[in-house]
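Residue numbers (this note's numbering), protein chains in the order written: chain X, 518 to 856; chain C, 518 to 856.
Any given hint could be a false lead.
Treat identical chains as interchangeable: a pair holds within one or across any two.
Said to hold, decoys possible - Below, simulated DSSO-like cross-link-like pairs (lysine-lysine); rule was C-alpha separation at most 30 angstroms, straight line:
(1) Lys839 / Lys716
(2) Lys644 / Lys839
(3) Lys839 / Lys628
(4) Lys716 / Lys628
(5) Lys839 / Lys539
(6) Lys539 / Lys628
If you are wondering where the hints come from, they were derived from the structure by calculation, not from laboratory data.
Protein chains: 2
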Amino acid sequence: MSQPEFEIIARYFNQASLGFSKAGVDLGIGDDCALLTAPPGQQITISMDLLNQSVHFPVDADPALLAIRALSVNLSDLAAMGSVPLCFTLGLSLNNPDSAWLQAFSSGLTKIATRYNCPLVGGDLCKGPLSIAIQVQGTVPEGEALTRAGARIGDAIYVTGTLGDGAIALASLGIESESMQKISLCATGQTEQCRQYFKAAFYAPVPRLEIAQQARHLINSAIDISDGLLGDLGHIIECSGVGAEVHTYQLPYSDAAQCCTTEQERQHAALTGGDDYELCLTIAPENCASFERLAELADTRVTRIGAITDSPGILCLDQHSKNLIMQDQSYSHFKAKGA
Amino acid sequence: MSQPEFEIIARYFNQASLGFSKAGVDLGIGDDCALLTAPPGQQITISMDLLNQSVHFPVDADPALLAIRALSVNLSDLAAMGSVPLCFTLGLSLNNPDSAWLQAFSSGLTKIATRYNCPLVGGDLCKGPLSIAIQVQGTVPEGEALTRAGARIGDAIYVTGTLGDGAIALASLGIESESMQKISLCATGQTEQCRQYFKAAFYAPVPRLEIAQQARHLINSAIDISDGLLGDLGHIIECSGVGAEVHTYQLPYSDAAQCCTTEQERQHAALTGGDDYELCLTIAPENCASFERLAELADTRVTRIGAITDSPGILCLDQHSKNLIMQDQSYSHFKAKGA
Chain X
518 MSQPEFEIIA RYFNQASLGF SKAGVDLGIG DDCALLTAPP GQQITISMDL
568 LNQSVHFPVD ADPALLAIRA LSVNLSDLAA MGSVPLCFTL GLSLNNPDSA
618 WLQAFSSGLT KIATRYNCPL VGGDLCKGPL SIAIQVQGTV PEGEALTRAG
668 ARIGDAIYVT GTLGDGAIAL ASLGIESESM QKISLCATGQ TEQCRQYFKA
718 AFYAPVPRLE IAQQARHLIN SAIDISDGLL GDLGHIIECS GVGAEVHTYQ
768 LPYSDAAQCC TTEQERQHAA LTGGDDYELC LTIAPENCAS FERLAELADT
818 RVTRIGAITD SPGILCLDQH SKNLIMQDQS YSHFKAKGA
Chain C
518 MSQPEFEIIA RYFNQASLGF SKAGVDLGIG DDCALLTAPP GQQITISMDL
568 LNQSVHFPVD ADPALLAIRA LSVNLSDLAA MGSVPLCFTL GLSLNNPDSA
618 WLQAFSSGLT KIATRYNCPL VGGDLCKGPL SIAIQVQGTV PEGEALTRAG
668 ARIGDAIYVT GTLGDGAIAL ASLGIESESM QKISLCATGQ TEQCRQYFKA
718 AFYAPVPRLE IAQQARHLIN SAIDISDGLL GDLGHIIECS GVGAEVHTYQ
768 LPYSDAAQCC TTEQERQHAA LTGGDDYELC LTIAPENCAS FERLAELADT
818 RVTRIGAITD SPGILCLDQH SKNLIMQDQS YSHFKAKGA
């Protein structure tokens with residue numbers, strides 16, 4: 518089946534349910550550009566993420582879930598800045614688009630766009646191997662954006678949710694990746710319930726927008742964990758000119774991760790796997806109690822896992838304050854095999 | 518050769534020459550989002566275009582030229598809104614990146630980014646078949662953006678530059694496309710000079726930013742011609758609820774097009790080919806003289822090719838006012854073969 522580009526856009530993307538109107542979006546799909554207005558005193562935040570078939574997801578991935586993941590991981594970048602979603606654009610490459618696939622993909626996008634009040638305002642549609650480029654636009658009060666550069670010595674380090682699920686999910690779902698080679702699920706461990714949990718963790722990571730927005734005034738620095746805690750915390754300490762110690766025994770794991778993996782495997786997944794899309798935040802000690810209260814109100818699990826220090830690098834300490842040496846500090850698509 | 522993602526970004530993209538600082542860009546490459554501020558009284562314009570290997574350009578395309586084209590065609594969308602470039606983001610998929618390729622690609626981007634004062638502020642880098650997603654951000658005074666919806670009955674229709682070169686270039690460069698099947702270059706016609714002209718037309722289309730910005734107050738509607746004049750003018754008449762007549766004998770052609778093609782071929786290329794990235798503009802008769810003066814000052818060729826009418830559809834009239842019937846009104850990546 519082959520449908521012209523304009524017809525596909527009209528039928529599956531330029532719909533009231535997906536390209537809905539919203540204050541700040543003055544012109545959406547249908548012209549050479551979309552037109553946006555930032556509210557007075559607000560900055561615009563923008564972030565683009567790509568998802569490529571066979572690299573980020575399997576060829577036969579459910580299109581609705583794929584759309585949910587693609588938009589959610591982009592929204593996670595807005596969360597990491599303490600930003601509020603404004604709208605998104607979509608650059609979609611696909612071969613021989615099929616009505617059922619397009620309908621499901623569009624419905625997945627609509628679900629997340631609606632949930633986070635983030636309409637589709639434009640983009641491009643091309644022939645090519647399946648690839649999804651999404652750019653999200655958000656707003657944040659001037660000077661209040663969270664960055665990687667604000668961590669201060671003595672800050673507590675928090676993470677939202679649980680860690681390692683992203684990398685373990687790759688193994689659970691049988692998706693090939695470099696990190697997967699390091700995680701072998703316990704032969705006996707994986708129940709259907711675990712499999713469902715990891716599928717949801719992979720395809721529908723929850724962008725932590727609410728806690729980041731509500732606790733913005735309490736947070737000194739933030740990043741979303743897409744490359745593994747060590748790699749992403751590494752960006753914070755590098756940008757902030759500080760060091761960090763991580764208490765590995767405090768890392769939060771899901772029940773499913775605890776059920777399916779050895780402690781070493783899930784710790785490795787948390788520290789060096791990718792795709793968790795949780796936030797890593799640093800908070801001054803005097804603000805920790807307020808932050809934890811806000812997290813409770815936002816129904817968001819947060820865990821204090823370490824502290825910002827003045828010694829360069831990241832120390833990973835176990836219960837006995839023994840430093841664990843980690844290799845492969847983060848996930849890289851281009852890392853040489855065996856490097 | 519295989520380089521880690523962060524190293525590639527640092528070495529080839531996060532450079533002062535490409536990610537240069539600029540008023541309105543508060544934070545560029547290196548955090549979860551870039552941070553922008555629109556000047557007071559300005560709206561933000563955004564547009565995303567994809568370029569995929571084997572669809573939009575040949576596998577062995579010169580990376581510097583490819584980068585120039587990728588950014589230029591996006592800037593053309595800003596021109597069509599009468600907008601001023603602010604910055605761009607890049608989503609680059611590529612397999613086994615090679616230093617020479619990356620260096621050349623980066624230098625091409627830098628050339629256009631510098632020329633139009635449009636720095637790189639973020640994006641994503643992934644493994645995958647070569648694909649370039651670029652989103653441009655621009656600014657435009659509130660309420661002054663040119664759209665497709667402003668054409669009025671009686672407006673003169675203008676185009677910038679020459680038409681048909683984009684589609685003829687595909688044939689000249691031997692790039693496979695649906696439109697190429699319809700254009701066979703005269704066997705005797707193509708000189709090396711013509712080949713060089715078409716190569717430049719394809720890889721370095723000039724975004725018509727200057728004339729669009731300077732004559733913004735005179736222009737009622739605008740679109741960039743990426744799908745062929747009939748298709749793109751078709752969007753204007755549809756969005757504006759009007760009709761149009763095009764005087765085919767007034768269509769402007771390059772010397773190279775006149776040298777290498779029959780009149781029928783170049784007319785077909787102009788009306789239904791793609792990739793010209795010139796502007797189609799409609800202007801009230803009383804403003805035409807002022808517009809032509811501004812175009813002369815901006816050293817931009819403009820040609821009056823028809824008028825907006827109250828009859829639905831587009832009439833293509835030859836010197837004898839005979840209506841030409843056109844098929845395949847525009848280029849579509851997904852058009853069924855033989856449809």
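We went through each hint and held it up to the structure:
{"no.": "1", "hint": "Lys839 / Lys716", "in the structure": "neither (34 angstroms within a copy, 63 angstroms between copies)"}
{"no.": "2", "hint": "Lys644 / Lys839", "in the structure": "neither (53 angstroms within a copy, 37 angstroms between copies)"}
{"no.": "3", "hint": "Lys839 / Lys628", "in the structure": "neither (46 angstroms within a copy, 52 angstroms between copies)"}
{"no.": "4", "hint": "Lys716 / Lys628", "in the structure": "within (17 angstroms within a copy, 44 angstroms between copies)"}
{"no.": "5", "hint": "Lys839 / Lys539", "in the structure": "neither (53 angstroms within a copy, 47 angstroms between copies)"}
{"no.": "6", "hint": "Lys539 / Lys628", "in the structure": "within (16 angstroms within a copy, 37 angstroms between copies)"}
Of the numbered hints listed earlier, those contradicted by the structure are 1, 2, 3 and 5.
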